[in-house]
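My request is simple: use the sequences and hints to build the entire structure.
So the chains spell out like this:
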Amino acid sequence: MSLFKTLAGIWFILLAIPGYSQEKPGILISGKLENAKVGEFIDFLNSATGYQIYYDQTKFDSLRVNLEFTNKNIDWVLDQAFKNTQYRYAIDFQKNIFLTSGDKMVVTLDNLLPELVSDEVVPVRKIEREVREFLTETEPQISVIASNNRVYDIGVKTANFRKGNVTIAGFVRVAQTGEPVIGANVYITNPRIGVSTDQSGFYSLTLPAGRHSLNIRYIGMRDAVRVINLYSEGKLDVEMIEQVRSLKEVDISAEKVANIRSTQMGVEKLTMATIKQIPTVFGEPDILRVILTLPGVKSVGEASTGFNVRGGGTDQNLILYNDATIYNPTHLFGFFSAFNSDAVKDIELYKSSIPARFGGRISSVLDVRSREGNSKKIAGSAGIGLLTSRFNIEGPIIKDRTTFMLGGRTTYSDWLLGKLPEKSGYKNSKAAFSDIDVHLNHKFDDRNTLAFTGYLSNDRFNLNSDTVYSYSNRNLSLKWKHIFHNKFNMSLTAGIDNYEYQVESHENPINAYDMGFDINQSNFKADFTYYLSNKHTLDFGGSSILYKTHPGKFVPWGTESLVRPDILQSEQALESAVYLGDRFEITPALSLNMGLRFSLYHYLGPQSTYAYPEGLPKNDFNVTDSLVFNRGDVIKKYGGPEYRISARYAITGDMSVKLAFNTLRQYIHMLSNTTAIAPTDIWKLSDLHIKPQSGRQASFGLYKNFKSNTIETSAEVYYKWLDNYLDYRSGATLIMNHHLEQDVINTQGKAYGAEFQIKKTAGKLNGWISYTYSRTMLKMDDPTSIQLINGGKYYPANHDKPHDFTMVGNFKASHRFSVSANVTYSTGRPITLPVGRFYYGGAERMLYSDRNQYRIPDYFRTDLSMNIEGNHKVHQWIHSSWTIGVYNVTGRHNPYSTYFTTENGWVKGYKLSIFATPVPFINYNLRF
Amino acid sequence: MKKICSFFTLLSVMLLFVKCKEAYEPEVVFTATNLLVVEGHLNGSGVTSVKLSRTQANDSRAKLVERNATVSIFDENKQAYPLTESSAGQYVTSASFPSTGKYSLHIRTSDGKEYASEEVSVLNTPDIEEVSWNRASTGVQIYVDTHDASNNTRYYRWEYEETWEIVPRRFSYYELVPKVPAPLGSPFPYDIIQRRPQSQFPRACWQSEYSKNVIMASSTKLTDDVIHLAPIAHVPNNSWKIDTRYSILVKQFALSAAGFEYWQNMKKNTEGLGSIFDPQPSEIRGNISCISDPAEQVVGFFDASTIKQVRIFITKAEVGDWQYDILCDEKFAVNHPDSLAVIFPANIPLESRGDPFGGITAYTGASPDCVDCRFRGTPVRPDFW
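First to last, the sequence lines map onto chains A and B. UniProt numbering numbers the first residue of the first sequence as 1 and each following residue consecutively. UniProt numbering numbers the first residue of the second sequence as 1 and each following residue consecutively.
In short, the hints are calculated from the structure, not lab data. Watch out, some of these pointers could steer you wrong.
Mimicking DSBU-like on lysine-lysine, the simulated pairs with C-alpha atoms at most 30 Å apart in a straight line are [unchecked claim]:
{"#": "1", "chain 1": "B", "residue 1": "K268", "chain 2": "A", "residue 2": "K430"}
{"#": "2", "chain 1": "B", "residue 1": "K267", "chain 2": "A", "residue 2": "K793"}
{"#": "3", "chain 1": "B", "residue 1": "K251", "chain 2": "B", "residue 2": "K308"}
{"#": "4", "chain 1": "A", "residue 1": "K636", "chain 2": "A", "residue 2": "K535"}
{"#": "5", "chain 1": "A", "residue 1": "K779", "chain 2": "B", "residue 2": "K267"}
{"#": "6", "chain 1": "A", "residue 1": "K553", "chain 2": "B", "residue 2": "K267"}
{"#": "7", "chain 1": "B", "residue 1": "K78", "chain 2": "B", "residue 2": "K221"}
{"#": "8", "chain 1": "A", "residue 1": "K72", "chain 2": "A", "residue 2": "K32"}
{"#": "9", "chain 1": "A", "residue 1": "K430", "chain 2": "A", "residue 2": "K525"}
{"#": "10", "chain 1": "B", "residue 1": "K221", "chain 2": "A", "residue 2": "K553"}
{"#": "11", "chain 1": "A", "residue 1": "K430", "chain 2": "A", "residue 2": "K376"}
{"#": "12", "chain 1": "B", "residue 1": "K268", "chain 2": "A", "residue 2": "K908"}
{"#": "13", "chain 1": "A", "residue 1": "K235", "chain 2": "A", "residue 2": "K399"}
{"#": "14", "chain 1": "B", "residue 1": "K212", "chain 2": "B", "residue 2": "K316"}
{"#": "15", "chain 1": "A", "residue 1": "K83", "chain 2": "A", "residue 2": "K37"}
{"#": "16", "chain 1": "A", "residue 1": "K779", "chain 2": "B", "residue 2": "K268"}
{"#": "17", "chain 1": "A", "residue 1": "K376", "chain 2": "A", "residue 2": "K487"}
{"#": "18", "chain 1": "B", "residue 1": "K251", "chain 2": "A", "residue 2": "K908"}
{"#": "19", "chain 1": "A", "residue 1": "K553", "chain 2": "B", "residue 2": "K268"}
{"#": "20", "chain 1": "A", "residue 1": "K32", "chain 2": "A", "residue 2": "K95"}
{"#": "21", "chain 1": "B", "residue 1": "K212", "chain 2": "A", "residue 2": "K908"}
{"#": "22", "chain 1": "B", "residue 1": "K63", "chain 2": "A", "residue 2": "K908"}
{"#": "23", "chain 1": "A", "residue 1": "K487", "chain 2": "A", "residue 2": "K548"}
{"#": "24", "chain 1": "A", "residue 1": "K793", "chain 2": "B", "residue 2": "K221"}
{"#": "25", "chain 1": "A", "residue 1": "K707", "chain 2": "A", "residue 2": "K269"}
{"#": "26", "chain 1": "B", "residue 1": "K221", "chain 2": "A", "residue 2": "K430"}
{"#": "27", "chain 1": "A", "residue 1": "K908", "chain 2": "B", "residue 2": "K221"}
{"#": "28", "chain 1": "B", "residue 1": "K316", "chain 2": "B", "residue 2": "K331"}
{"#": "29", "chain 1": "B", "residue 1": "K267", "chain 2": "A", "residue 2": "K430"}
{"#": "30", "chain 1": "B", "residue 1": "K78", "chain 2": "B", "residue 2": "K102"}
{"#": "31", "chain 1": "A", "residue 1": "K95", "chain 2": "A", "residue 2": "K269"}
{"#": "32", "chain 1": "B", "residue 1": "K221", "chain 2": "B", "residue 2": "K268"}
{"#": "33", "chain 1": "A", "residue 1": "K95", "chain 2": "A", "residue 2": "K37"}
{"#": "34", "chain 1": "B", "residue 1": "K212", "chain 2": "B", "residue 2": "K63"}
{"#": "35", "chain 1": "B", "residue 1": "K308", "chain 2": "A", "residue 2": "K793"}
{"#": "36", "chain 1": "A", "residue 1": "K548", "chain 2": "B", "residue 2": "K221"}
{"#": "37", "chain 1": "A", "residue 1": "K779", "chain 2": "A", "residue 2": "K793"}
Calculated from the model, a selection of chain B residues having no Cβ within reach of chain A, i.e. all distances over 12 Å [what the hints assert, rightly or not]:
{"#": "38", "residue": "S99"}
{"#": "39", "residue": "T100"}
{"#": "40", "residue": "L184"}
Backbone N, C-alpha and C fix where the C-beta goes; we use that ideal spot for every residue, glycine too.
Shown next as structure tokens:
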């Protein structure tokens with residue numbers, strides 16, 4: 001039979017056919033094997049029995065045999081040695097023993113030689129398959145799908161599983177690109193033990209030794225299962241397959257229970273896939289706009305992307321881009337966010353329980369993470385819109401080790417402006433921005449990776465006047481991740497962040513000036529995670545930030561300029577912190593997350609400042625002394641503990657309650673007299689007179705999932721206290737002020753609210769509906785201030801919008817066509833209105849009410865967008881899609897603000913609305 | 001701030017949508033109470049005047065003046081300089097105040113409440129160096145230059161008074177005289193006669209306007225106390241103000257730092273808000289308080305300085321390419337009562353058309369405001385003209 005011949009031929013090639021050994025089929029052997037490796041074991045068997053033994057060395061590396069026996073036959077010995085492993089053996093009639101991994105080799109040709117079948121050997125399926133498996137000396141590339149059926153041995157293989165717990169760790173990556181999968185759930189079901197992967201896709205799971213089915217799940221990825229034999233500590237990396245793009249929305253089984261199981265409260269995580277579904281004004285996916293649709297996040301108005309989280313100020317959000325602090329997250333007055341959507345992997349917003357590893361801002365942390373880049377092949381994407389274009393290219397430098405990603409965006413509004421007729425008056429206006437992202441990632445080995453992030457954004461505009469404004473963010477960060485062992489890993493991050501702005505006016509030669517501000521920070525931090533046991537995971541570490549700001553310079557430009565150079569003293573400070581956090585799972589139902597952070601702030605010289613007597617207004621008349629500090633002097637020290645505690649009790653598998661209490665400190669303040677983030681806002685360090693801000697928040701939440709976790713509902717309530725928030729006295733000068741302490745007033749705040757959300761995560765129709773009731777009140781109670789706003793009583797903050805309703809929906813009509821809608825309603829923001837008129841200086845003027853006692857009309861907006869994908873051949877070179885939509889479909893004139901001005905001697909009221917008609921947009925996107 | 005608004009319009013242009021701002025009348029009850037408003041400036045070089053009025057809680061545009069108050073200025077030796085009410089709510093004195101003194105304003109209103117200002121010194125306002133103008137694409141922009149060699153003044157405020165000449169577009173040679181007695185049933189009961197000297201229209205009139213915005217500048221950021229090309233006034237393109245000749249009188253006031261801050265807040269509060277970069281309206285507190293009820297808010301700031309002023313003239317020829325026009329078509333009517341009644345007396349007769357035999361066949365006419373400049377201004381020639 002030809003098949004037989006072929007087989008015989010292959011055997012011949014592969015294995016030197018041995019000569020006949022001794023007969024004695026029923027030979028009995030005795031011996032003692034201690035931790036014997038496969039070679040020793042085979043040698044022993046061979047010499048004791050004379051059987052010729054064939055095996056693939058590489059597949060038996062992990063075998064260790066511990067046996068003691070007397071007068072047993074060879075079958076018994078092999079059975080014992082391979083017990084609980086996937087190793088199988090077969091003995092043929094010529095006294096050859098074939099050891100295999102997985103299926104047993106068929107050594108009898110049942111049709112042809114029935115009489116030779118030994119009792120022990122059970123023929124298994126077809127012969128070809130078995131042989132082929134046996135023959136593979138070099139392991140073929142294991143397809144990831146097939147991996148689900150494989151059995152993995154973890155650790156040093158022993159005949160019996162030992163007692164007790166063993167830790168398995170590894171990385172979860174995307175098969176196609178090699179990027180880490182962050183937040184994937186890795187778990188076994190019996191007993192239920194699970195973890196999520198961290199920011200580098202790393203997981204560490206302590207399980208009882210033995211055989212398990214390890215489930216790995218994540219949104220947008222096919223569920224993966226790994227059957228493992230867990231002997232001792234070991235590594236298992238898992239590659240997950242992305243769902244084909246068009247199917248992304250169909251399977252969202254991962255994270256299903258995350259909202260129930262996680263101990264953290266008020267954490268919102270969005271992937272780029274979700275972000276891209278939500279319509280935005282110019283059709284460009286915009287992270288910050290999407291954040292504004294989340295419960296508890298508000299902004300003052302439409303043209304501001306500064307956002308307020310649970311009543312906090314716009315400067316109280318720590319915005320991190322791969323651990324680099326971004327001071328101004330917007331482009332072009334906030335019409336665009338500063339993040340290139342193609343480079344971003346996902347974002348996480350912490351509104352309530354902020355992990356102890358974060359600090360320095362009191363309202364929220366927005367953690368934006370970039371993708372690592374495709375480690376398998378060069379890929380890219382680009383988008384072309386009416387005002388902006390973006391591109392992104394990524395790929396391996398060294399395959400599977402080093403990846404790069406390069407992204408950029410720019411506007412081309414300038415040429416459009418130039419095309420405008422002279423009469424329009426805008427011909428000379430210019431508005432431009434650009435940003436560049438560079439990411440490099442290098443994997444030294446399984447334990448060490450290094451990631452580099454470079455980010456640069458630039459904005460420059462003038463509004464048909466000669467005053468040119470420009471600002472830029474510049475960030476560099478380097479992160480080294482090291483895994484000591486399965487239970488202990490570390491990441492070290494060092495970085496430099498810079499934000500600066502410039503204003504220049506050169507038209508009037510006598511007054512021509514350049515004005516500038518910048519803030520620089522060098523930071524270093526070390527974060528450690530120790531997976532102590534299934535019940536305890538410890539996070540600890542420390543960080544240090546050295547600030548150096550140049551609060552302002554105002555210098556002449558040109559030779560004729562009479563501008564007196566005025567340069568404010570630079571400021572420097574050191575902010576350090578150490579923290580320890582414990583994720584403690586008391587019972588599967590009850591878990592606790594405790595964190596303690598101790599932060600310490602040193603305001604450093606050189607500096608000269610005034611001293612004022614205690615309890616008197618800080619002004620020029622009350623200066624008692626002039627203080628001069630030298631370089632390195634500690635002018636003022638602030639610090640204290642910050643508590644981060646949250647607890648979760650799972651009432652049932654799909655319902656839980658959570659409680660959290662947090663305290664935070666913030667040593668840096670943004671000075672802004674305007675209602676939104678403006679390019680001329682200054683960041684001020686806490687100093688001798690200006691105290692750090694602090695905040696406390698208590699929150700309680702109830703979470704319940706329905707329909708096998710495809711519908712998530714949540715209700716959270718919170719109460720928040722803000723201390724030493726900065727407000728300004730009437731007529732304060734914030735720019736180029738040498739003694740800012742004279743113009744600022746300490747303010748107390750309180751914020752409270754309830755947030756409700758229903759989220760449908762699966763199906764053709766998905767999205768969320770949220771309703772928030774919240775209030776934010778401020779009060780000036782600085783006793784040393786002469787003039788208190790609203791007489792020292794509580795008044796609503798600018799972003800106090802009690803009712804807020806948002807609906808975000810996406811309907812997937814087919815694989816190629818989807819429709820998204822976004823509906824927003826909120827109470828109008830508070831404003832100060834005139835309550836009287838009078839004549840002064842030749843004209844009628846207004847007398848204003850107490851601050852923020854009235855409201856502008858309510859806000860309502862509906863946006864629609866369609867996404868049309870090209871064809872879905874997976875292997876074509878370019879995938880393209882169109883995004884077409886309309887922003888503000890109803891064309892409602894949502895006032896941004898109202899104002900009253902004296903025109904020709906009479907008071908006139910106006911309301912200003914931005915995007916007051918439906919704004920159509922179209923974008924073309926492509927990926928390759 | 002207009003610029004920002006323009007920027008949105010600009011985006012609007014680009015995206016073919018237009019609306020940016022619209023009129024807004026909030027449903028707010030004007031609750032502000034009858035607060036005393038004091039506009040007081042001690043003139044170190046002329047007549048001092050203090051205006052008293054009240055804030056209005058209602059929506060009416062009438063000015064609520066404060067009459068019958070007792071107003072006086074005290075120097076630091078408590079010597080009183082009484083002011084007398086020259087017109088409703090306006091209290092004046094021509095007393096001269098030595099510039100070395102410190103002065104405060106005292107008011108007792110008719111309801112018995114007493115108000116007093118802080119003491120202020122008389123600031124010495126430097127001379128205006130030059131008032132200049134240039135032809136900008138949007139119109140004529142008028143600037144002021146000044147400097148203080150002693151570097152003391154630093155804060156400046158200006159007011160101005162614009163005056164311009166109006167020359168009638170058409171000259172009338174005829175006038176209508178009603179027939180006496182009026183004939184019954186006639187469609188045109190007038191005689192048209194050669195215009196008599198006593199009914200001649202003025203050849204020119206003048207109109208004046210006082211500045212309404214707060215105009216101020218400071219040189220605190222400069223090495224020298226120099227104000228260069230501070231924009232004062234703007235005459236928009238083709239405005240009738242420069243139809244023939246235009247004049248502007250710029251008055252310069254030195255301010256104290258506190259006064260500057262007060263005026264600046266007033267400006268910020270009332271001359272542009274609502275844009276992203278504008279600050280929120282803030283409470284403005286002056287240097288006048290109510291002695292009888294310290295909780296009562298008083299609007300106003302009392303300051304003292306000398307006043308310097310400069311007048312310049314601008315003619316249409318100097319500006320060039322100035323195309324103000326009003327519609328002054330000549331209308332034509334055949335000399336027949338029925339025809340004449342169509343355009344007269346609604347128009348004023350200008351000229352006649354005759355036949356070769358001395359008969360009048362028709363009259364021309366024009367609307368009164370093309371002929372009589374008194375519809376727009378006063379025929380009294382200002383003494384500086």
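Any hints this thing doesn't respect? Which numbers, in order?
Per hint list: 4, 7, 9, 11, 23, 24, 27, 31, 35 violated.
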